[in-house]
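Residue numbers (the working numbering), protein chains in the order written: chain A, 23 to 148; chain B, 23 to 148; chain C, 23 to 148; chain D, 23 to 148.
Treat the hints loosely; a few may be bogus.
The list treats identical chains as one, so a pair stands whether inside a single copy or across any two.
To be verified - Dumping the calculated DSS-like pairs for lysine-lysine here, alpha-carbon to alpha-carbon at most 30 Å: (1) K24 with K125; (2) K61 with K39; (3) K58 with K36; (4) K67 with K39; (5) K57 with K39; (6) K36 with K57; (7) K125 with K65; (8) K134 with K24; (9) K61 with K123.
To be clear, the hints were calculated from the coordinates, so they are not data collected in a lab. Since the model is a prediction, treat every value here as computed from it, not as a measurement.
Protein chains: 4
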Amino acid sequence: MKINRYQDISEVEKEAKKDYIDRHSAFVHPQGDAKKGEKFKVKVKVGDEYLHPDDFDHYVAWIQLWDGETQLAQVNMNAGALGNAPSQLEVDFYIVPTKSKMKLTAHAYCTKHGIWESDEVVVTVA
Amino acid sequence: MKINRYQDISEVEKEAKKDYIDRHSAFVHPQGDAKKGEKFKVKVKVGDEYLHPDDFDHYVAWIQLWDGETQLAQVNMNAGALGNAPSQLEVDFYIVPTKSKMKLTAHAYCTKHGIWESDEVVVTVA
Amino acid sequence: MKINRYQDISEVEKEAKKDYIDRHSAFVHPQGDAKKGEKFKVKVKVGDEYLHPDDFDHYVAWIQLWDGETQLAQVNMNAGALGNAPSQLEVDFYIVPTKSKMKLTAHAYCTKHGIWESDEVVVTVA
Amino acid sequence: MKINRYQDISEVEKEAKKDYIDRHSAFVHPQGDAKKGEKFKVKVKVGDEYLHPDDFDHYVAWIQLWDGETQLAQVNMNAGALGNAPSQLEVDFYIVPTKSKMKLTAHAYCTKHGIWESDEVVVTVA
């Protein structure tokens with residue numbers, strides 16, 4: 023099964039392809055500094071410059087947050103929760119790191135265009 | 023099947039019972055003002071004054087966010103994501119309201135103590 | 023939040039109401055005899071005599087299987103998995119009982135008509 | 023992120039490695055012939071010759087069923103549903119095919135050893 027991966031859209035020529043890649047890609051945005059044993063906020067957002075539809079037959083249905091090969095959380099959104107209009111699915115997870123390093127990635131699933139894997143974000147934990 | 027409901031713990035006498043009720047209860051915290059067609063942040067937190075364990079055999083496994091009888095989202099957390107230490111499961115959902123009123127409630131599920139339903143929070147949408 | 027419960031449709035007069043209740047109700051069908059430490063098959067089916075739509079904006083999105091207040095499993099179905107035609111969502115779970123009695127119930131969620139709770143089925147485990 | 027894939031264990035020499043690969047691998051077992059517009063049973067089982075633990079800190083937490091890049095269903099099992107003893111997670115999904123061919127695969131997630139992807143099973147639909 024194909025897992026789609028983010029490509030740097032500044033290197034993509036066609037506007038339609040830029041849009042297609044960007045609006046499906048999950049982005050992991052750690053918020054602030056990570057400390058062992060303290061809550062750490064991780065925003066995951068699908069799309070950066072472009073918007074994805076929230077139609078009943080075409081929407082981003084879930085996001086998973088991973089640390090290496092360990093799943094931390096999954097959020098499932100129902101179609102319509104983003105108002106049935108183009109938007110960027112977004113959720114803030116709060117996790118508590120216990121090791122000195124995390125390798126965070128997210129998977130996002132579009133009901134028409136499959137799984138999209140974010141770039142890995144390495145977080146150093148103080 | 024029993025759905026547990028929040029009780030005002032200031033009216034509960036025994037410390038152990040206060041703790042038990044508070045640490046399992048989901049609280050819906052809307053952030054800011056809701057406007058039609060705009061992203062609206064809703065924090066859901068399990069526990070207010072007390073902490074819940076994050077043990078492998080005893081943790082808060084999921085939170086659902088509801089508008090009346092319509093589910094908006096569900097987040098599943100894996101045991102250990104909160105560091106295997108007492109904490110308060112917390113997640114920020116972003117939804118886009120389209121009607122003039124929302125009746126938000128959350129369900130939280132503890133693997134040992136069942137489903138807990140938050141108080142309903144009525145949100146007026148401008 | 024309202025949890026809908028099954029009513030015996032033979033006592034309901036109006037055809038439209040019989041249909042509405044039946045097609046949303048989850049039914050727990052244990053298969054065979056339950057023995058401690060052995061796999062035990064539990065079919066859950068939504069609807070008995072009537073069919074539910076599988077439209078993108080109106081379908082049965084998930085079933086949860088419970089033993090008392092303990093969740094055993096949840097299955098999420100994507101709209102269209104039942105061919106976008108009226109049907110009865112059905113899944114066979116396999117669980118391994120360890121106690122002498124189980125009190126099985128199922129919750130089913132319709133994206134338009136909320137949560138429906140099955141009757142409780144008490145299973146004696148040999 | 024690594025997605026583990028099944029390897030034919032008859033070609034693996036070390037017993038421990040055979041066991042490791044087999045007990046984590048998802049197997050898709052279509053049941054009978056598929057016909058357009060009719061319910062079609064698909065068993066998914068994790069492990070073929072070996073058993074996987076069902077410990078609170080080490081169990082198979084979910085199975086997803088895919089047709090190509092389209093998700094059909096996901097089942098989440100709670101730790102303990104298989105009696106906290108070595109077993110093979112198993113579930114029967116019922117889907118209704120509408121196209122002439124399906125390419126079924128399953129992903130299974132072990133809380134210690136990540137995602138495992140089954141071989142693809144091509145089903146011709148009459």
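Now the hints, each set against the structure:
no., hint, result
1, K24 with K125, "both (22 Å within a copy, 12 Å between copies)"
2, K61 with K39, "between (38 Å within a copy, 26 Å between copies)"
3, K58 with K36, "neither (44 Å within a copy, 33 Å between copies)"
4, K67 with K39, "within (19 Å within a copy, 38 Å between copies)"
5, K57 with K39, "neither (39 Å within a copy, 32 Å between copies)"
6, K36 with K57, "neither (42 Å within a copy, 35 Å between copies)"
7, K125 with K65, "both (14 Å within a copy, 25 Å between copies)"
8, K134 with K24, "both (13 Å within a copy, 23 Å between copies)"
9, K61 with K123, "within (15 Å within a copy, 32 Å between copies)"
Checked against the numbered hints given earlier, the structure breaks hints 3, 5 and 6 and satisfies all the rest.
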